[in-house]
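Protein chains: 2
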Amino acid sequence: MRVLFLGTSGSVPTNTRSLPAVLIKRQNEYLMFDCGEGVQRQMIKAKVGFHRKMKIFISHMHGDHVLGLLGLLQTMALMGRQQKVEVYGPEGLGRFLESAREVLQFCLTFPVEVYEICDDGVVCEEKEYIVEAAKSSHVIAGWVYALVEKPRPGKFYPEKARTLGVPEGELWSRLQHGESVKLPNGRVVSPLEVGGPPRRGRKIVYTGDTRPFEGFAGFAANADLVIHDSTFDDTLADKANLDGHSTPSQAAQQAANAKAKKLVLTHISARYADAGVLLEQARKIFSDVLVAEDFMELELPLPDS
Amino acid sequence: MRVLFLGTSGSVPTNTRSLPAVLIKRQNEYLMFDCGEGVQRQMIKAKVGFHRKMKIFISHMHGDHVLGLLGLLQTMALMGRQQKVEVYGPEGLGRFLESAREVLQFCLTFPVEVYEICDDGVVCEEKEYIVEAAKSSHVIAGWVYALVEKPRPGKFYPEKARTLGVPEGELWSRLQHGESVKLPNGRVVSPLEVGGPPRRGRKIVYTGDTRPFEGFAGFAANADLVIHDSTFDDTLADKANLDGHSTPSQAAQQAANAKAKKLVLTHISARYADAGVLLEQARKIFSDVLVAEDFMELELPLPDS
Numbered sequence: 001m002r003v004l005f006l007g008t009s010g011s012v013p014t015n016t017r018s019l020p021a022v023l024i025k026r027q028n029e030y031l032m033f034d035c036g037e038g039v040q041r042q043m044i045k046a047k048v049g050f051h052r053k054m055k056i057f058i059s060h061m062h063g064d065h066v067l068g069l070l071g072l073l074q075t076m077a078l079m080g081r082q083q084k085v086e087v088y089g090p091e092g093l094g095r096f097l098e099s100a101r102e103v104l105q106f107c108l109t110f111p112v113e114v115y116e117i118c119d120d121g122v123v124c125e126e127k128e129y130i131v132e133a134a135k136s137s138h139v140i141a142g143w144v145y146a147l148v149e150k151p152r153p154g155k156f157y158p159e160k161a162r163t164l165g166v167p168e169g170e171l172w173s174r175l176q177h178g179e180s181v182k183l184p185n186g187r188v189v190s191p192l193e194v195g196g197p198p199r200r201g202r203k204i205v206y207t208g209d210t211r212p213f214e215g216f217a218g219f220a221a222n223a224d225l226v227i228h229d230s231t232f233d234d235t236l237a238d239k240a241n242l243d244g245h246s247t248p249s250q251a252a253q254q255a256a257n258a259k260a261k262k263l264v265l266t267h268i269s270a271r272y273a274d275a276g277v278l279l280e281q282a283r284k285i286f287s288d289v290l291v292a293e294d295f296m297e298l299e300l301p302l303p304d305s
Numbered sequence: 001m002r003v004l005f006l007g008t009s010g011s012v013p014t015n016t017r018s019l020p021a022v023l024i025k026r027q028n029e030y031l032m033f034d035c036g037e038g039v040q041r042q043m044i045k046a047k048v049g050f051h052r053k054m055k056i057f058i059s060h061m062h063g064d065h066v067l068g069l070l071g072l073l074q075t076m077a078l079m080g081r082q083q084k085v086e087v088y089g090p091e092g093l094g095r096f097l098e099s100a101r102e103v104l105q106f107c108l109t110f111p112v113e114v115y116e117i118c119d120d121g122v123v124c125e126e127k128e129y130i131v132e133a134a135k136s137s138h139v140i141a142g143w144v145y146a147l148v149e150k151p152r153p154g155k156f157y158p159e160k161a162r163t164l165g166v167p168e169g170e171l172w173s174r175l176q177h178g179e180s181v182k183l184p185n186g187r188v189v190s191p192l193e194v195g196g197p198p199r200r201g202r203k204i205v206y207t208g209d210t211r212p213f214e215g216f217a218g219f220a221a222n223a224d225l226v227i228h229d230s231t232f233d234d235t236l237a238d239k240a241n242l243d244g245h246s247t248p249s250q251a252a253q254q255a256a257n258a259k260a261k262k263l264v265l266t267h268i269s270a271r272y273a274d275a276g277v278l279l280e281q282a283r284k285i286f287s288d289v290l291v292a293e294d295f296m297e298l299e300l301p302l303p304d305s
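Chains as they are written, first to last, in this note's numbering: chain A, 1 to 305; chain B, 1 to 305.
Since the hints were derived computationally from the structure, they do not count as laboratory data. Any given hint could be a false lead.
Put simply, identical chains are the same to the list, so a pair is met inside one copy or across any two.
Stated by the list, open to error - Derived pair list, reagent style BS3-like, types lysine-lysine, alpha-carbon separation capped at 30 Å:
hint	residue 1	residue 2
1	K47	K239
2	K84	K239
3	K155	K25
4	K182	K259
The task is simple: from the sequences and hints, build the whole structure.
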C-alpha cells in the first residue's frame, strides 16, 4: 500500500503545492481522499492511470476540496473509462455533480455512484477493508475518514500442515487464506492449527479540514498513518480555531493521543514557503512526523503481527 | 498589450500544458479568454495578480474551458478582492455559476456580473475597445471573440500646435487625446489641425473550439493576432471535423483569408508531445505562425498607422 500526495496546499494553490488530494494505491485499486482543482493534471504528472478501480472520498463541500472532481470524471470519460467510480461525501455532493453535468453536458462512459454520508460509521466495506467516517469540526459539515484493513490470516507453517496430513496444493492455499478445510479422511483442519494468530491490517486516517475534536483518539486509534490538517502554525492558533483548522502542535497531540505510528501534516497555507516551522512545532510532541509535499509517496508495509 | 498563454492543451491537460486560458494584459486591465481547470495556479506561477480589473470570456460550456472559473472566483474572494468581475459566455453560464455557488457555499467579496451572449455582435464596449462575438462551429453552441481597439488619435505635431498659438499644457493634452479645444482668442482647433489622421488600434481574435466557418475572414479581418484551435494535425482532418475542431492547415487558411498578421495555434491535443508537425503544416500556408506553449507571452506593439 502506497500513499501519494497529489495536492498539499491549503485553500489557495502555490507554485509548488496543488489543491488537496491524497491517493492511496492498494493492490489494484485507488482510493482518493479529496479532489482539489488540478488533480487530473497531478495524476498525469505522477503517471497515475484513469482506468483503475476507484473510490473517491470528499471531506467537505468547499471548492478547494471538490472542484477537481468534475474535470477528473470528464477526462476519465474522454479516455473511455468503463468501470464505475464510487464517490462518497457530504450531503450536496450528488446535487453538485448533477447540476454541473447538466450544464456542461458531458457524457460519462461509466457509472458514477454517489453516496452521501449521513452519520458516523462504516461508509463502505470490501472483502479486505472498510472505510469509516466521523464528523469533523470545520466551519461546514464534513467527514474525517479512516481506511481500515481487516485482519489477515496468521503466518502459515508448512511443517504443521504436513504433520496433520494436509496435501500440498489447493488445501494449503485455502488454509493460507483463512479458510478451514476438510481432509480426504474427513478431519477438518482450521487455519489456527497450521498457522499463527490473525495479523492486523493497516489503518490510515485522513482528516480533511478540521479543528482537533473529541473522539478523534478513538477514531484514529493505533493508525499506521494520520494525515492531518495543519494549515497554520502554532502562533496562529486563534485563526486556526476560527477558520476550523489545526496547528502542528494540535495535529501532533491528536496523533499522540491516538497512539498513531506516523503523522503527515498537510493543507499547508500559502504563507509557508518553507514549512520547516510547522515540522519543528509538531516534532516537539510527536517525533515521526513529516510535512507533505506534492508527489511525496510513502510505502506502508504490511505489519508482521 | 501583452498576450499570456496560461493553458494551451486540448481537452485533457498534459505534463507541460494546462487546460485552455489566454490572458490579455491591456493597460490596467486583464481580459481572459476561457478559463480551464487549473488557471488560478497558472496565474500564481506567472505572477498574475487577482485584484486587477478583469473580464472573462468563455467560448463554450465544455468543462475543459470553464471549470477553472469557480476556483478562480473563490481564490479572488479568499484574497479579499473588492472589484467586480464581468463574465461573458454562452447560455447556461449563469446557471452553472449559481448552482455551484449554492452547493459550495462560497461567499464572494465582490460582484460577479454574468452576461449570456445571445447573438453575434458587440458584447461589451469600453472607452478604448470593444469585444465582439461570432458563433463558432463546434459540437455545442459557442463563441469566437475579437478584442478590437478603437482608433487612437493621430500623431501629435507640437510645431503645428505652436504655430496655431495653442498654449502648451492642458490644451495640448486634450488635443493629443483626440478632443477639439477652444483657444483664449475663441478659435477652435481640432486634433486633425495639429496631428496626423487617427491611427488604428490592435485586434486580437480568439476562436475557442471551432471548425473553419464561413464569415471568419470578415470577423477576423486584418487582425494583428489570431489565436486559433488547432487540436489535430492535417492527417486527422476527418476527426477534427467530427469533433468540431480545426487542423493547422485550416487554421492557417483562416488566418490567411482574414489577412491576419500573426497566427498562434492552440488547444493542442495531448497526442503531440512535440508540436513541430503542427507548425510545419501551418507554415506552408501562413508564415508568421507559432504553436502556443504554457507561459508563452507575446507583446503586441501599437501600430504606427
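Here's how the hints hold up against the structure:
Taking the shortest alpha-carbon separations for K47 and K239, only the inter-copy value of 27 Å comes in at or below 30 Å, while the best intra-copy value is 37 Å. Taking CA atoms no more than 30 Å apart as the test, K84 paired with K239 passes between copies only; the shortest distance there is 27 Å, against 40 Å inside one copy. Taking identical chains as interchangeable, the C-alpha atoms of K155 and K25 lie at most 30 Å apart only when both belong to the same chain, with a minimum of 24 Å there against 66 Å between chains. In this homomeric assembly, K182 and K259 never come within 30 Å of each other (Cα to Cα): the closest approach is 41 Å inside a single copy and 85 Å across copies.
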